[in-house]
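These protein sequences, in sequence, are chains V and H. Note that the numbering used here has the first sequence beginning at 1, numbered continuously upward. Note that the numbering used here has the second sequence beginning at 1, numbered continuously upward.
Among the clues, some could well be false.
Claimed, not checked - Listed next, the in silico EDC-like pairs over lysine to aspartate or glutamate satisfying Cα-Cα at most 20 Å (straight line):
no. : chain 1 : residue 1 : chain 2 : residue 2
1   : V       : 73        : V       : 32
2   : V       : 73        : V       : 62
3   : V       : 92        : H       : 103
4   : V       : 57        : V       : 20
5   : H       : 11        : H       : 78
6   : H       : 14        : H       : 63
7   : V       : 9         : V       : 54
8   : V       : 100       : H       : 86
9   : V       : 92        : H       : 56
10  : H       : 71        : H       : 24
11  : V       : 9         : H       : 44
12  : V       : 92        : H       : 44
13  : V       : 22        : V       : 81
14  : V       : 100       : H       : 78
15  : V       : 100       : V       : 8
16  : V       : 73        : V       : 54
17  : V       : 92        : V       : 32
18  : V       : 22        : V       : 67
Unchecked claim - Interface residues of chain H toward chain V, partial, derived using beta-carbon atoms under 10 Å:
no. : residue
19  : 2
20  : 3
21  : 35
22  : 37
23  : 44
24  : 106
25  : 107
26  : 110
27  : 113
Note that these hints are calculated values from the structure, not bench results. By construction, the Cβ of each residue, glycine as well, lies at the ideal position given by its N, Cα and C atoms.
So you can see what is in the structure, the chains are spelled out below.
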Amino acid sequence: AQRVTQPEKLLSVFKGAPVELKCNYSYSGSPELFWYVQYSRQRLQLLLRHISRESIKGFTADLNKGETSFHLKKPFAQEEDSAMYYCALSGKNTPLVFGKGTRLSVIA
Amino acid sequence: DTGVSQDPRHKITKRGQNVTFRCDPISEHNRLYWYRQTLGQGPEFLTYFQNEAQLEKSRLLSDRFSAERPKGSFSTLEIQRTEQGDSAMYLCASSLVTGGFQETQYFGPGTRLLVL
């Protein structure tokens with residue numbers, strides 16, 4: 001069964017501190033992994049996808065197939081990073097399966 | 001704004017009434033998805049279209065739900081005989097699939113449904 005687990009509902013960090021949002025997945029095959037972000041009063045938008053291997057807004061995520069994880073990291077949190085973050089996976093050309101999300105709160 | 005648009009943004013209805021939502025995807029996108037999101041949950045897949053063909057429906061999509069994309073452009077999602085459990089945010093997303101590769105799914109702002 002396809003499943004995405006985000007163990008933390010809420011993560012609070014101080015400005016300038018490192019951030020790690022955890023994501024574990026279950027999928028038989030080779031999934032594609034994504035992180036989506038939703039800022040207050042805005043629509044859901046793609047933050048990054050693992051095949052791009054890009055760093056967006058200072059965030060990176062590495063796919064670890066052995067641990068079936070795709071944790072999102074940023075070395076120094078900023079207040080504007082406060083948002084809801086969703087980890088998601090898909091197979092080849094299939095719909096996205098989302099986790100329940102983690103709310104990141106960056107405290108000044 | 002050339003992004004995905006949805007109408008209406010909010011809908012309040014009484015139990016038992018029918019409601020219809022519209023989604024206009026990004027114009028060149030051939031894939032269109034419907035998701036539902038309830039409080040404290042991530043979006044959950046309902047159904048999707050490739051051009052005008054409905055290719056997959058989730059078990060979440062009961063027989064009270066029907067979706068269409070008649071000309072391969074905009075899509076409608078109808079809920080008949082609404083129930084309080086249908087209260088949720090209904091999200092539409094579109095993407096371009098070419099040569100077997102799916103590009104990013106872009107989401108609309110959603111339609112928030114409240115069934116009283």
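Each hint, compared with the structure:
For the suggested pair residue 73(V) and residue 32(V), the alpha carbons sit about 18 Å apart, so the restraint of at most 20 Å is met. In summary, the hint linking residue 73(V) to residue 62(V) is supported, as the alpha carbons are separated by about 9 Å, within the 20 Å threshold. For the proposed pair residue 92(V) and residue 103(H), the alpha carbon gap of about 11 Å is at most 20 Å, so the pair holds. At most 20 Å may separate the alpha-carbon atoms for a hinted pair to count; residue 57(V) and residue 20(V) meet this at roughly 14 Å.
For the given pair, residue 11(H) sits about 13 Å from residue 78(H) by alpha-carbon distance, which is consistent with the 20 Å threshold. At roughly 19 Å between alpha-carbon atoms, residue 14(H) and residue 63(H) fall within 20 Å of each other, so this suggested pair holds. Proximity of residue 9(V) to residue 54(V) is assessed by CA-CA distance (about 25 Å); at most 20 Å being required, the pair is judged violated. For the hint pairing residue 100(V) with residue 86(H), the CA-to-CA distance comes to about 18 Å; that is within 20 Å, so the pair holds.
Proposed proximity of residue 92(V) and residue 56(H) is supported: the alpha carbons are some 14 Å apart, at most 20 Å. Using a Cα cut-off of 20 Å, the hinted pair residue 71(H) and residue 24(H) holds, with the two alpha carbons roughly 12 Å apart. At most 20 Å may separate the alpha-carbon atoms for a hinted pair to count; residue 9(V) and residue 44(H) meet this at roughly 17 Å. Restraint check for residue 92(V) and residue 44(H): satisfied, since their Cα atoms lie roughly 18 Å apart, inside the 20 Å limit.
Between residue 22(V) and residue 81(V) the alpha-carbon distance is near 16 Å, which keeps this suggested pair within the 20 Å criterion. Of the pairs offered as hints, the one joining residue 100(V) and residue 78(H) is violated, with about 25 Å between alpha carbons and a cut-off of 20 Å exceeded. Among the hinted pairs, residue 100(V) with residue 8(V) is consistent with the structure: their alpha-carbon atoms are about 9 Å apart, no more than 20 Å. Taking the CA atoms of residue 73(V) and residue 54(V), the gap is about 12 Å. The hint holds against a cut of 20 Å.
In summary, the hint linking residue 92(V) to residue 32(V) is supported, as the alpha carbons are separated by about 8 Å, within the 20 Å threshold. Annotation: proposed proximity of residue 22(V) to residue 67(V) holds, straight-line Cα distance about 12 Å (limit 20 Å). The criterion of a C-beta within 10 Å of any C-beta in chain V is not met by residue 2(H), whose closest approach is roughly 14 Å, and the hint is violated. Because the closest C-beta pair between residue 3(H) and chain V is about 8 Å apart, less than 10 Å, the hint holds.
The beta carbon of residue 35(H) is positioned within 10 Å of a beta carbon in chain V (closest approach about 8 Å), and the interface hint is therefore held. Restraint check, residue 37(H) versus chain V: the minimum CB separation of about 8 Å is within 10 Å; hint holds. At a threshold of 10 Å, the smallest CB-CB gap from residue 44(H) to chain V is about 7 Å, leaving the interface hint in force. Interface hint at residue 106(H): satisfied, since its Cβ lies 8 Å from the closest Cβ of chain V, which is below the 10 Å cut-off.
For residue 107(H), the shortest C-beta to C-beta distance to chain V is roughly 4 Å, which falls under 10 Å, so the interface hint holds. About 7 Å separates the beta-carbon of residue 110(H) from the nearest beta-carbon of chain V, less than 10 Å, and the hint is met. Taking 10 Å as the C-beta contact cut-off toward chain V, the hint placing residue 113(H) at the interface is violated, the least distance being around 17 Å.
Hints 7, 14, 19 and 27 from the earlier list are contradicted by this structure; the remaining hints agree with it.
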